[in-house]
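Sequence order for the protein chains is A and B. When we follow this note's numbering, the leftmost residue of the first sequence carries the number 1, and every step to the right adds one. When we follow this note's numbering, the leftmost residue of the second sequence carries the number 1, and every step to the right adds one.
Worth flagging that the hints you see were computed from the coordinates, not collected in a lab. We treat Cβ as the ideally placed atom computed from N, Cα and C, and that holds for glycine. One or more hints might be untrue.
With the Cβ distance kept under 8 Å, some of the chain B side facing chain A (calculated, not the full set) [what the hints assert, rightly or not]: (1) 167; (2) 172; (3) 222; (4) 226; (5) 227; (6) 244; (7) 254.
In the SDA-like style, the derived pairs of lysine to any residue whose C-alpha atoms are separated by at most 25 Å in a straight line are [said to hold, decoys possible]: (8) A:246 to B:239; (9) A:246 to B:115; (10) B:246 to A:207; (11) B:212 to A:166; (12) B:246 to A:173; (13) B:246 to A:36; (14) B:212 to A:38; (15) A:212 to B:210; (16) B:246 to A:174; (17) B:246 to A:240; (18) B:50 to B:115; (19) A:50 to A:23; (20) A:212 to B:246; (21) A:246 to B:199; (22) B:212 to A:36; (23) A:246 to B:169; (24) A:212 to B:202; (25) A:246 to B:181; (26) B:246 to A:181; (27) A:246 to B:202; (28) A:246 to B:211.
Number of protein chains: 2
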Amino acid sequence: MLLVADNLQITVNHVRYAMENRNPAPIRALVEHCLDAGADAMDINPGPLKRNAGPAMTFLVNTVQAVARCPILLDTVNPEALAAGLAACRGPAIINGISLEPAKLERILPVAAGSSADIVGYLLYPNGHVPPDASERMQVAVELVDAVGKRGIDPDRLIIDPVITPITWNDGNRHAAEVLTALRHLPDLLGYPVRTIGGLSNLTSGGIDRAKKIRLECAYSPMLAASGLSMVMMNMRHRETVRTAKTCDVLRRGTIFTWEAL
Amino acid sequence: MLLVADNLQITVNHVRYAMENRNPAPIRALVEHCLDAGADAMDINPGPLKRNAGPAMTFLVNTVQAVARCPILLDTVNPEALAAGLAACRGPAIINGISLEPAKLERILPVAAGSSADIVGYLLYPNGHVPPDASERMQVAVELVDAVGKRGIDPDRLIIDPVITPITWNDGNRHAAEVLTALRHLPDLLGYPVRTIGGLSNLTSGGIDRAKKIRLECAYSPMLAASGLSMVMMNMRHRETVRTAKTCDVLRRGTIFTWEAL
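Assemble the whole structure, with the sequences as input and the hints as a guide.
What follows is the structure, given as structure tokens:
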């Protein structure tokens with residue numbers, strides 16, 4: 001699994017201040033911390049961006065790529081910010097993301113069609129709700145691949161997100177299990193080794209006990225790995241979770257195991 | 001997953017001395033430690049037992065059940081020890097175990113047939129070798145169910161062990177993945193919700209770095225849980241591994257999640 005840092009988000013106060021003041025130093029420090037911790041890619045989530053969306057995203061992308069050569073996920077629902085981010089990215093960019101929601105299909109997908117970037121596709125109903133089980137998620141996946149294809153976009157560019165929900169939802173345990181089932185069956189359903197991504201931090205959203213959140217992440221991330229997840233979005237400050245995800249890779253890689261790899 | 005302690009084994013020096021001297025105190029202390037750590041069942045592995053096999057197993061079973069009311073796994077290839085253990089057990093006993101190896105079918109299975117205990121069935125070839133992949137393991141499972149049925153034993157009594165191998169084997173990574181595949185497909189193949197068991201400590205057999213062994217166990221045990229494993233045999237002194245296995249159960253249980261459950 002590739003590890004995508006979800007740390008660079010506007011809800012973090014010092015990120016917001018740094019973005020508002022166009023101060024690159026705190027953001028650079030955060031990105032360096034994520035890379036040192038083992039991040040393979042950086043998600044940039046600048047929030048709603050009501051004003052100056054384009055320049056804000058350009059500033060963030062340039063700040064990140066000044067210290068990181070890794071892929072950058074442009075995590076925005078704002079087409080202006082997305083276009084600016086795509087224009088600024090000198091390395092691989094990933095659009096994060098689209099779904100069957102009309103606003104995404106009408107405003108984000110055209111921008112995506114005009115680029116060669118990969119695209120995260122969330123398995124959500126057109127009304128933005130989360131499908132209740134694996135089979136509904138797969139039905140949505142088929143429709144999403146279809147919608148993307150109709151725009152002339154190669155489905156290979158899609159990275160499917162089956163939508164990890166908070167475990168505290170009434171049916172949170174069931175969703176956790178259904179996401180795994182969906183991950184296992186998606187390649188067969190779609191007929192190619194589709195890449196997948198999941199937001200691990202969502203699982204413990206709302207929790208306040210850091211140790212317990214990490215404990216849940218450390219139990220769920222190997223389940224995701226065993227189900228074939230390609231990329232996991234996570235808090236890179238959760239060192240035990242990072243270590244667990246890296247250990248899963250050592251377990252699952254095709255080469256001969258050595259203790260030194262751990 | 002039910003947690004089966006594999007700590008009570010003859011290869012542990014103070015267990016061997018205690019058994020040889022019929023001194024129950026060190027064994028009681030070990031069993032109490034395992035129960036406090038969260039063990040749901042105790043495996044008793046007295047080794048080859050060349051002399052006095054019956055009395056030795058009787059001593060061990062009586063010592064264990066003096067402090068534990070949990071199921072006891074009688075982990076022996078010696079039919080005399082097995083018969084004595086079955087006779088001594090006042091609670092649930094599990095025979096550990098049989099396979100397609102002729103010695104097991106000829107010497108252990110008849111004892112099993114004369115009892116009502118559950119039986120661990122290892123997915124091994126008749127020559128004792130480990131099948132290379134999931135589909136071979138499943139072929140062996142069908143033959144094992146058949147062999148058990150021919151003795152008039154209800155296949156529901158079988159607890160299938162797909163055989164976790166040391167990760168350091170040349171194809172150790174592949175075996176780790178194939179065991180998961182076998183676990184996922186066995187219920188469909190056999191046509192009933194067959195119970196399964198796996199020896200987690202085998203995965204890191206031969207390793208000397210305790211922290212790394214635990215790290216591997218903590219990554220692999222959620223994969224086993226997600227693949228439907230019913231019982232996991234493990235070293236209850238590995239607290240992080242125990243905690244991870246317990247967290248998997250909280251994640252996978254059908255009831256509504258609460259943080260207090262962690």
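Consistency of the hints with the structure:
1. 167: Status holds, d = 5 Å.
2. 172: Result: holds, 5 Å to nearest chain A Cβ.
3. 222: Hint holds; residue 222 (chain B) Cβ to chain A Cβ min 4 Å, cut 8 Å.
4. 226: holds (4 Å)
5. 227: holds (7 Å)
6. 244: Holds: closest Cβ of chain A sits about 6 Å from residue 244 (chain B), inside 8 Å.
7. 254: Residue 254 (chain B) check passes; min Cβ-Cβ to chain A is 7 Å, inside 8 Å.
8. A:246 to B:239: holds (20 Å)
9. A:246 to B:115: It is violated: about 46 Å lies between the C-alpha atoms, which goes past 25 Å.
10. B:246 to A:207: holds (19 Å)
11. B:212 to A:166: Violated, at roughly 30 Å.
12. B:246 to A:173: This hinted pair holds, its Cα atoms lying about 15 Å apart.
13. B:246 to A:36: The given pair, whose Cα atoms are some 31 Å apart, is violated under the 25 Å limit.
14. B:212 to A:38: Measuring from Cα to Cα gives roughly 18 Å; hence the hint holds.
15. A:212 to B:210: holds (23 Å)
16. B:246 to A:174: holds (17 Å)
17. B:246 to A:240: holds (17 Å)
18. B:50 to B:115: holds (24 Å)
19. A:50 to A:23: OK: residue 50 (chain A) and residue 23 (chain A) at ~19 Å, within 25 Å.
20. A:212 to B:246: The given pair, whose Cα atoms are some 12 Å apart, holds under the 25 Å limit.
21. A:246 to B:199: holds (23 Å)
22. B:212 to A:36: Since the Cα atoms of residue 212 (chain B) and residue 36 (chain A) sit roughly 21 Å apart, the hinted pair holds (cutoff 25 Å).
23. A:246 to B:169: At roughly 20 Å apart (the allowed maximum being 25 Å), residue 169 (chain B) and residue 246 (chain A) satisfy the hint.
24. A:212 to B:202: Measuring from Cα to Cα gives roughly 28 Å; hence the hint is violated.
25. A:246 to B:181: holds (21 Å)
26. B:246 to A:181: It holds: about 21 Å lies between the C-alpha atoms, which stays within 25 Å.
27. A:246 to B:202: holds (21 Å)
28. A:246 to B:211: With Cα atoms ~15 Å apart, residue 246 (chain A) and residue 211 (chain B) stay inside 25 Å; holds.
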